[in-house]
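Take each chain as given, in its own frame, and dock them per the hints.
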Amino acid sequence: MSRYILRRLIQAVPLLIGILIINFVLIHVAPGDPIYLLAGDAGDEKYYAAMRARFGLDQPLAMQLYLYLVNAAQGQFGYSYAYDRPVFEIIFARLPATLLLTGSALVLSTLVAVWLGVVAARRAHSAADHTIAVVTLLFYGMPAFWLGQLLVIVFAIWLDWFPVQGMTDVRHSYQGLEYASDVLRHLALPMTTLGLLHLALVTRLTRMGMREQLDEDYVRTAHAKGLPVARVVNYHALRNALLPVVTTVGTQIGTLFTGAVLTEIIFAWPGIGRLLYDATLARDYPLLMAIFLFVAVSVVVVNLVTDLTYAFLDPRVRFA
Amino acid sequence: MKRVFLLFSLLLLSLMLIACSPATPAAPTSAPVNNTPFATAAGAVVPSSTSAPTPTAAATAKRGGTVVVGVTSDPGQLNPGLTTAGGTHAVADNMFNGLLQFNDKLEPQPSLAETWTVSTDGKTYTFNLAKGVTWHDGKPFTSADVKFTFEQILLQFHSRTKAGLENVLDGIDTPNENTVVFRFKQPYAPLLRRLDVVEAAILPKHLYDGTDIQKNAANTAPIGTGPYKFKEYIKGDHITLVRNENYFKKGLPLLDTVIFKIIPNSTAAAQALEKGEVDYITGVNGPDIARLQANKDVVLVKAPAGPGGSFCIDTLIFNMRKPPFDKLEARQAFAYGINRQQILEQVQFNQGRIATGPIASTMSWAYNPNVMKYAFDQVKAAELLDKAGLAKGADGKRLKVVFVHATGFAKTAEVVRDNMAQLGVEVELATLEVNAANERMFTKNDFDIGIGSYCNGPDPEIGVTRAYVSSNIKVGVPFSNGAAYSNKQVDDLFIQAASTIDTAQRAKLYAQIQEILVKDVPYWWTIETELFRAQRKEVHDLRIWAGDLLERAWTERT
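As you go down the protein sequences, you meet chains A and B in turn. Here my numbering is used: position 273 in the first sequence is 273, and no number is missing along the way. Take any residue in the second sequence, note its place counting from 1, add 320, and you have its number in my numbering.
Pulled out of the complex, with its shape left as it was, chain B reads as follows (with noise of 0.2 Å):
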């Protein structure tokens, strides 16, 4: 008996090997993240076609065939005018388009539009629109459905072009069918930068008319001008869309039918990606990187920008309504007392870059490189506390302080948590939930320090703004001002380079806002993450920086 006993346990052991390798990514084969073959030069977006490796890579697109996609949400609705929420997005933004598209360098190209031209004053863009476009429906596009979607739907419904439009545009005018144009009431740079898909998808008007837009049928059964019409969608399993055949970009699209499969467990979509199940996935996580490096059938791809938010960062909110971080030297000293770089390996597995200020730099345009540097330096970090007025006590303790952060950022808050400790700072880990993290740190300014992801956006203005400025400190709104940082030199930059029209000088302007926000240090920008995606090997041409990731796609599986 004691011998089966044994066995039995012996069997168990292996067994419960077996489950742990996936955790450990030490495969003896695979190659370390960094000396993958595909590199991502700062400023650069990697397609994913010259990306891949392949050796089929420059054969001519095949029509047909299907792609199914791995989504981690439920979408639940599917009209991307009325959210901003990433899962709709993921899959809706492929049955529309925008005026423009993004190309894999995030500038702006023809869509809907396809010319335009800004005044010398910078008040009026005028865009010309595609001929003979039609609804998957059969109705023809014109620019009343153009006016129509800003006025009544993105305006009222779509958070980011709302917040970003509704004070500077005066008004929308359709001088013939083909033509749109927009007023501002003053200079507005970032217009090209909010036309695509994901910020201002073109809606029918037709369809939403004097309806109760939220209620609409067709936002759960669309209808749109782009690359694929609506089939089914089966909540909480999958969505099948197919070639719109009447697609207005010549010889577009070649698949013939796109599936979104919902897999809310990321490694059980790396493993469907693995067994073929799949076609495509966001987001691969640490641990499955190197399995998936490792699979001949499988090329890992990455890019800052995407629908589901463009070149993040991770960063720390100080709260400044309250001391210690009423002082700079107080949150100066926490900058040079966290070690990023082991958040970057422990923490993110080499994904992404350490920040160095609020503006990503693959945003390179604006980006600032000449910026105060905090290396890792904890001698500096005591100092500048001891400064702070935050000595050492009997205990050897400082000051005790309540770091408020989502579930996602855990690993992250326990490397603050250690670093801090050996200054002689306690840092209480408060770990909530994402949106009760949110509420405690927006809503109820409950928090010493808090952490979310801050995302640029295509434009600065977009994305960086809304953090910085002191007309956004605002109560119960996410992503706002949340430190309370207030600085009216701050303030007028950010004014001024809203309305700057050349780039040039835009870039000078946020050059100086990165300045003086570097040393002021309301936030702490750790890490610019940059996610992994991963795709099949016999599917090319992913769209993955943009909305319409599959307008162009194409599969040899035929």
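Chain A with its partners taken away, still in its complex shape (with noise of 0.2 Å):
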């Protein structure tokens, strides 16, 4: 087991290379150029070469290139411009409020989603079936701001539930429980947000898995041996259909992520999405590559554990 996770990380060494790579050149080919932000709008030439100089940005790009892997290969992953701080550190400062947001969010819509699928599944063709399929469809269609605006104006401006923005009140400075309270209060609705926009993918499949396990015969045979159904429900039969979801729940990191940006721009919320969105605008080339090549790695790393959780959900798996 220990020997297959080592050589799935060493393949994946020359996968985040690539991605550094092509990553740099297509940061580097889009048009717009870091100094406007970095130099103000009234300088002449002479500044805006110094200051290009100073950033190495006066450097050819293949110059550049060579220069960025040597240095990440010595774990050097550069400043950023905006901030002045290396990159990590401004990434992993930003961390906690982003896993806070997906990780709710993904918990909270796979939840519901496995709910939905299973009562989908078991009065399948019914008006309840159909106003699910409905629902978590419209709701995959709708873009996170327009969702996203929604629910502010009906929970936080008129039914004035929840805040419209932020974290955290930023006048109060809140500790222990309240300070809990009081995020979990500028949670609900991003989370909500983000949790809806996925929900359709995970209700579908379980859905279908169910359908499927439940015309299998140890399902009748359950049955017939006199379990109660819910016991045949949620314990033989889901624990089979789960295993699509446990891919597909993986493989969302990389789609949440992209919501996050969008949602965490209407919110406020100050994670890691609108970090990277304020470094495209300000072409904060260093900042940018870390946030890519940090994503990549996450979803490397979570890939990994959703094929190691396979092992766990289906004796039949085996790693060597």
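Cross-link-like lysine-lysine pairs, in silico, DSSO-like; alpha carbons within 27 Å at most: (1) A:LYS46 <-> B:LYS505; (2) B:LYS808 <-> A:LYS46; (3) B:LYS467 <-> A:LYS46.
Keep in mind that the hints were calculated from the coordinates and are not lab data.
Listed below in structure tokens is the structure:
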């Protein structure tokens, strides 16, 4: 098992180097120039040239790439232009906010989606089944900024249950439990936005898996030997139906991150998604590179974890 | 089952209507934008306290309390001497002072400098500094700080101050601790208008001397002389400042705490204001205006100046390097052919005014209304196009031009395209993100028409000159002379105006410049933009036209 993990991690290294190179080229080929943000809008050529030299932007692209890779190999990923701090220091400072948002959205939406999927499968072709299908697909089709605004207007402005933006109430500095409940109040709407967007896929997969499993002989046997229906469905059938769901949830991490960018902007949530947005606008190359690398590594790791979860769920799968 | 589905569809439909409602500012109870209880007369800036018709506006200022300001971008660093970026200045300017500050008519007033004299030849400015001023860390402020700040920071890194002063400044002397003397090579008129905290914040020599200034730790935890002291900066979320108990202006500041909350989405910022999560926001968008006006707890205010740019005009740039805009008739044809009233109404929601030339009408001392007028007239435009040799072809088309613009100008660009299409001119829109658009206009010069928000700044020499003098036709410099306009007479007049001390004389020179430029139309000035800002009504005395927004601010909610 540990040899398997090691092999997978070693395999990931060339992949990540490839990602770094492709990202580097893409970012630099895209139009735009970081110098305007760095130097202001009324400088002269000499000043801009000096600023370019200071940040190494006067070097040929191939040289910049070479230097970047050499430094990266030594664990040096550079300083952000805008923040003038090491890039990973900035990313890690923002990580908890994004983990909280995407993590809670993922857990919540998966739980709800599995439940909806089971309901839909057990009452296939009923009104409930159709309603679930339509609702989840509709959320799936909504743009995050639109859905987010809708939730804000209803639940923050009209009903006044939740705040409009932010992660904490800046007017107060809460501690302990009060702090936690403050964050939860702020989390509710962005989490719901992100979660609703991701309901559809898992719901459909669960429904499909359950439909298959419920027709299997072992389910009929379980019913025949008099097990309660709930136990048959929730324990026997669901466990098998969840296999494709686990794969999907794993691969959705990347998609979820994309959704987090928009959600974090709408709700002024201080996470990595907004950092990515700011860095793109400012052409903060080192920070952009580091964020992409960070996301790439996360996806690699999550895929590995997903594969390992398989073994836990399906004893027939063995790693060697 | 069908009934359930129908019900459900209805529910969804109603939800969609809810979500759409903020985009339609048609609330029947709200007054149209023009009839708001505050009007900005040309030239006068209405301070928030007088524009807010609240019964308590005249009440005595209260001490204490917290004000939360919504800002759109994360400043990154907080040294106002290193950058002209609005994001940094909106926050940092409240921790520092300039030698001078602006009153609500944008006239220079004492700040770190108590008094000053100008020599009769206009070459020497002497400033007497306020006594007993200390930095937030307790060290005394002296003339050495001023000299160091200009020489080592502003003239190295602050692009506007650097561009304005480096060629004309001869030297800075400090005869004693409380006196600073600026010596110029030639008479230099605009100095007093470029010494406020936005253009020239004074920084502590004892923390920056001998260090790598751009990497100094004080850039993210500043020590200033200003009304508020730095407390914390949670990147991407908020910045907290607290009252400077030893502020050198007696009795100020009044607030205990000031928090800058970063809210990138302007609709979210407006909603946060409505709910009282923030007390003041800059830049209210058209669709949000009517809703905020209907809110009794909120007051809309506006000023033509501020740390993000002063006296700004949305300006088309004609690329005069190549046909068709190397011809005067072609440029004038576009000036007549574009319906600016339509832009004002449909794009700007009637915020601002139709421009008449390169200097905004609100900068009243320098503004010249007696220039050639280009009323919307498509017949005349067609005649001029014919005259320029751009007659209609067999297919009814005259020519095709490429209009490069940032996404923020997309709606303006669409109006221009539609207007010109009626004349047989095909305007191809190249909509780019702002940074990419700047590169294409100012570095690659790959455009026929460009557009930008050109800001006059506190003095024409600061923000106007750069776009029109031939010495500023530069590659890779945003907001330089992008049209590549070159006119010896205009060049000379700008030089003369900068070195004329007498304001009336200067105004005459600028009046002449405006006449020539408007006749030549190297650029086309569309709208003098004037963004709404909005505040909670319990907040008073915000200096919305200046960098030091909160120096005198107070709140009823303590």
